[in-house]
Amino acid sequence: MTSPPASDLILSMEQLALSFGGVRALAGVDLQVRRGTISGIIGPNGAGKTSLLNCIAGFYRPQSGRIVFDGRDITRVPAARRPALGLARTFQNIALFAGMTVLDNIKLGAHCHLKTGVLSALAFTAEARGEEEALREEVERDIIDFLEIEHLRNRSVASLSYGLQKRVELARALAMRPRLLLLDEPIAGMNEEETEDMARFILDIQEERGITVVLIEHDMGVVMDLCDRVTVLSFGEQIAAGTPAEIQADPEVVRAYLGTSGAGVRRG
Amino acid sequence: MLIGNYKVSYAADQAIFRTPASRAWLWVLLGVAVAFPFVAGDYFLYLANLVGIFTIAALGLNILTGFTGQISLGHAAFVGVGAYATAIAATRLGLPFWLAVPAGGLAACLAGALVGTPSLRIKGLYLAIATLAAQVILEWVFTNWTGMTGGIRGINVAPAGLWGFEFDTDRRVYFLVAGLAAFHTWAAANLFRTRVGRAFIAVRDRDISAELMGIDLFRTKISAFMISSYYAGIAGGLWVYFAKVVTPESFPLSLSIQFLAMIIVGGLGSIKGTLFGAVFVTLVPEGLRAVVQGATAYSPDAMSWLAPMKDIVFGAMIVGFLVFEPHGLAEIWNRIRRFFWLWPFPK
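Same order as they appear, the protein sequences are chains A and B. FYI, in our numbering the residues of the first sequence are 1 to 268. FYI, in our numbering the residues of the second sequence are 1001 to 1347.
Incorrect hints may have been included.
Claimed, not checked - Facing chain A, according to a computed beta carbon distance under 10 Å, are these residues of chain B, among others:
{"#": "1", "residue": "V1008"}
{"#": "2", "residue": "S1009"}
{"#": "3", "residue": "F1067"}
{"#": "4", "residue": "R1195"}
{"#": "5", "residue": "A1202"}
{"#": "6", "residue": "D1216"}
{"#": "7", "residue": "L1342"}
{"#": "8", "residue": "F1345"}
Stated by the list, open to error - Estimated spans, in silico, between C-beta atoms of each pair:
{"#": "9", "chain 1": "A", "residue 1": "R155", "chain 2": "B", "residue 2": "A1012", "range": "35 to 45 Å"}
{"#": "10", "chain 1": "B", "residue 1": "F1345", "chain 2": "A", "residue 2": "A126", "range": "57 to 67 Å"}
{"#": "11", "chain 1": "B", "residue 1": "G1124", "chain 2": "A", "residue 2": "G22", "range": "22 to 32 Å"}
{"#": "12", "chain 1": "B", "residue 1": "P1344", "chain 2": "A", "residue 2": "D204", "range": "18 to 28 Å"}
{"#": "13", "chain 1": "A", "residue 1": "G130", "chain 2": "B", "residue 2": "N1334", "range": "42 to 52 Å"}
None of these hints come from the bench; they were simulated from the model. As the structure is a computational prediction, the values presented were derived from the model and not from experiment. Every residue, glycine too, gets a C-beta built ideally from N, C-alpha and C.
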């Protein structure tokens, strides 16, 4: 695969390195993500997948290397500013706000796109009211309806099953109006039906909305089915990148991760 | 009975009072509140004013502690800052009450911003200790900055006046207190219908993921501190026009604890819970006192052993709430409401 022109890339990294004390989490990763694609990051436990996502989201700051998002170097942009640029993520261990309803959790995703200040909030001015109503409409139309969670909107998130909580987390990430969506193990711990729903949502997000998706996942069947391109990490190093077919045939990947004969690959 | 809750607009669904029944209750409540001063005796008016002032202060503490998760042991001191600032503005600058009370609110707001600054670095018990330090320091300032505060003699303030109308009795002050309490309750409820309030709750529930959602933690926490102490300051300003005098011993640490008791008994992170809590914590000790006094009619020496019982019963009630009803009176209220939604049909 020839390397695509720079304008076609929504995210690119150059020699990203991150370590915690003596532990090397990432050692020179050069991930490149093309606009409008679904990319998968796979690798054994401790390979640095979540560290990589945390670097992109700004939660960790790499010691060296660069992260370019949509033509802009974001390596030093604080985490709280990144959602406004169009970056959204979900978490491996669900990080919803337990004291809020499903609807409020989703609305919170849009926080950085809203403007109401403290005083207009206290007085609930016409602007504040209008903003809330427009937001509610957007959330209902584009997110709640899309993810089929109409029946949950006034439930507290703590009362939902694991699979539904993951769906609400995806809803919250969509409310951030992302151009790049980072999903950390979106289907881990889900049953067959929930997995199929989630896979369908991820495909729809890419196809209908043109949102670029980067996901970490352990379910090889799902990764191979969904992703246009897969990157393999092992001990912080990028050992392979290519189409799912190329990855499955790569002897180094097979050795490092999938097992010696490739028998571990389960087709979803 | 309420079988369904069908709305045809999002505006109607996001209103504070969403059902006709709850709006009807609101009007009933307003009617009672307006009629109250014309039928109630002096003692009950005094209690009502106390409840109103404490409601405003407790709302402030609930915004900070219940909604944003920043515990404060210095809330009474912020009430004190508001009270002194109001008294000084009224006596030295000669401001009318409708400027002096907001001035008290603003002064407390600034003090809150200052005390809240370390909250980005310290959380939980450590923040509690930092706010405790603020309480002790401010109390010391009230007593010892005699040039400004009048020391232990305090500051006497003339009653509030508006277009020649003097708020000189508890009956007249009641209208001031009730109006401002209603206004501040409405404003607090509004806060949590917008992004600002949602950010507060997000910081309380999970601050790291809140930051990754694009919420500026420092700004959010400082806003919570400022709003909270502004409420405290307004309560302090009203206290001045209620008591007509400000003295340092009106704002002790035990009052800060009492505010915490109000929001815990009422319900952390609940506006209506704050109202319940303020009523409960103010009136129950008074009720117990009345019982003790009633008992002395039958046995003259009952006072000596019943008086301490009063504190024990009150303390036990708070422990009881923590153990059996951690979500406070607000949750009990919600349960009763849910019961009547389907009544008379079984669940």
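Which of the stated hints cannot be reconciled with the structure, identified by number in ascending sequence? Those not satisfied are hints 1, 7, 8, 9, 10, 12 and 13.
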